[in-house]
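Q: All chains should be modelled from the sequences, with the hints used to inform the complete structure.
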Amino acid sequence: MLKAQNVSFEYDTNSVLLDVSLTVRSGTCVGIIGPNGSGKTTLLGLLDGLLTPSRGHISLENREVTKWPRRTLARRMALVPQETHLSFDYSVLEIVLMGRYPHLHPFGFEGPADFACADGALDVTGMTNLKQRSFLTLSGGEKQRVVIASALAQLSTSDNSDIKSKILLLDEPTASLDLAYQLEIALLLQELNAKGMTIIVCTHDLNLAATVCQELIFLREGRVINAGPTTEVFTEESVEACYGVEVSLAYHAASGNTLVVPLTPSNGTTK
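The working numbering numbers the first residue of the sequence shown as 1 and each following residue consecutively.
It is possible that part of the hints are untrue.
Lysine-lysine pairs mimicking BS3-like chemistry, simulated, CA-CA at most 25 Å apart [said to hold, decoys possible]:
| # | residue 1 | residue 2 |
| --- | --- | --- |
| 1 | 3 | 195 |
| 2 | 143 | 131 |
| 3 | 3 | 164 |
| 4 | 164 | 195 |
| 5 | 131 | 67 |
| 6 | 67 | 164 |
Derived CB-CB ranges, DEER-like [claimed, not checked]:
| # | residue 1 | residue 2 | range |
| --- | --- | --- | --- |
| 7 | 50 | 190 | 23 to 29 Å |
| 8 | 179 | 264 | 22 to 28 Å |
| 9 | 27 | 244 | 44 to 50 Å |
| 10 | 252 | 112 | 29 to 35 Å |
| 11 | 253 | 21 | 19 to 25 Å |
| 12 | 163 | 55 | 32 to 38 Å |
| 13 | 72 | 27 | 19 to 25 Å |
| 14 | 50 | 262 | 30 to 36 Å |
| 15 | 102 | 223 | 29 to 35 Å |
| 16 | 14 | 231 | 34 to 40 Å |
Derived by calculation from the structure, the hints in this document are not laboratory data.
Here the structure is a predicted model, which is why all the values come from computation and not from measurement.
Even for Gly, the Cβ is constructed at its ideal location relative to N, Cα and C.
A: If you want it as structure tokens, here you go:
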């Protein structure tokens, strides 16, 4: 269980999160949604232990996240950022192998088990045929899938028997993907979650959140304004309160999903 209790965070004197509390139960897929600047990315960094709360506590299995040995924590949680910038060029395989760093001894080199984990991650993300390509030559969507593969390699063990103890955090995982790859990533997240992996995804794609997440957290101006099971909190009223936009929710029979249709922009004029 990953838990935040009354967490606040400031950059210098700028308040980003205010008294945020949430509980992520093992084996669930949780979506964090909200407008730009609502604190979603900062919250992911806090949950992953990359940032320290100004006030409040974040714990994994009742132990403060910041008190876990960083190498041990990195074997349990992996973060996929929205953007990845490299100072040097690497091959796709080299990028994915970088995810194996918490499993290596200091000054150690990757062994057969590490390459097997990397190959497995490349396979599930559909990047095997590009593993010798330069990362810098890839499209935005291909780069995103490589970074997801690196995170999966970071969490992998030889037999993946402990997948239920793993947590994958993703920041806008489908933002740069075309429609086909958006669907593939959604299906991948659902498959990993079905196997027991805990997933936390920040996204502007409300349709993705409604499709893959069992629970949703609505953030606005650094505060949680609603949270709970998707079937209960994913309503027109919740979306409108969070985004300031009038919407209509429509059930799509062919997919079995609820879709969001924006009706009125936040300036009050109708298109």
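Q: Can you confirm whether the C-alpha distance between residue 164 and residue 195 stays at or below 25 Å?
A: Status holds; Cα separation ~7 Å.
Q: Is the hinted range of 44 to 50 Å satisfied by the C-beta distance from residue 27 to residue 244?
A: violated (33 Å)
Q: Does 30 to 36 Å hold as the CB distance between residue 50 and residue 262, or does it fail?
A: The hint (30 to 36 Å, Cβ to Cβ) holds, given that residue 50 and residue 262 are roughly 33 Å apart.
Q: Going straight from one Cα to the other, do residue 67 and residue 164 come out at no more than 25 Å?
A: holds (22 Å)
Q: How does the Cβ-Cβ distance of residue 252 and residue 112 compare with 29 to 35 Å: does it lie in that range?
A: With Cβ atoms ~46 Å apart, the hint is violated.
Q: Given the hint that residue 131 pairs with residue 67, does the C-alpha gap stay at or below 25 Å?
A: violated (36 Å)
Q: With a cut-off of 25 Å on the C-alpha distance, tell me whether residue 3 and residue 164 pass.
A: holds (17 Å)
Q: How does the Cβ-Cβ distance of residue 253 and residue 21 compare with 19 to 25 Å: does it lie in that range?
A: Between residue 253 and residue 21, where Cβ atoms are some 37 Å apart, the hint is violated.
Q: Please check whether residue 179 and residue 264 have a Cβ separation lying inside 22 to 28 Å.
A: This hint holds: roughly 26 Å between Cβ atoms.
Q: At the C-beta level, are residue 14 and residue 231 separated by a distance inside 34 to 40 Å?
A: Holds, at about 36 Å.
Q: Could you see if the CB distance from residue 102 to residue 223 stays within 29 to 35 Å?
A: Because 33 Å falls inside the window, the suggested range holds.
Q: Check the following: the C-beta atoms of residue 72 and residue 27 are separated by a distance inside 19 to 25 Å.
A: Hint holds: Cβ distance 20 Å, inside 19 to 25 Å.
Violated hints, in rising order: 5, 9, 10, 11; the structure is consistent with all others.
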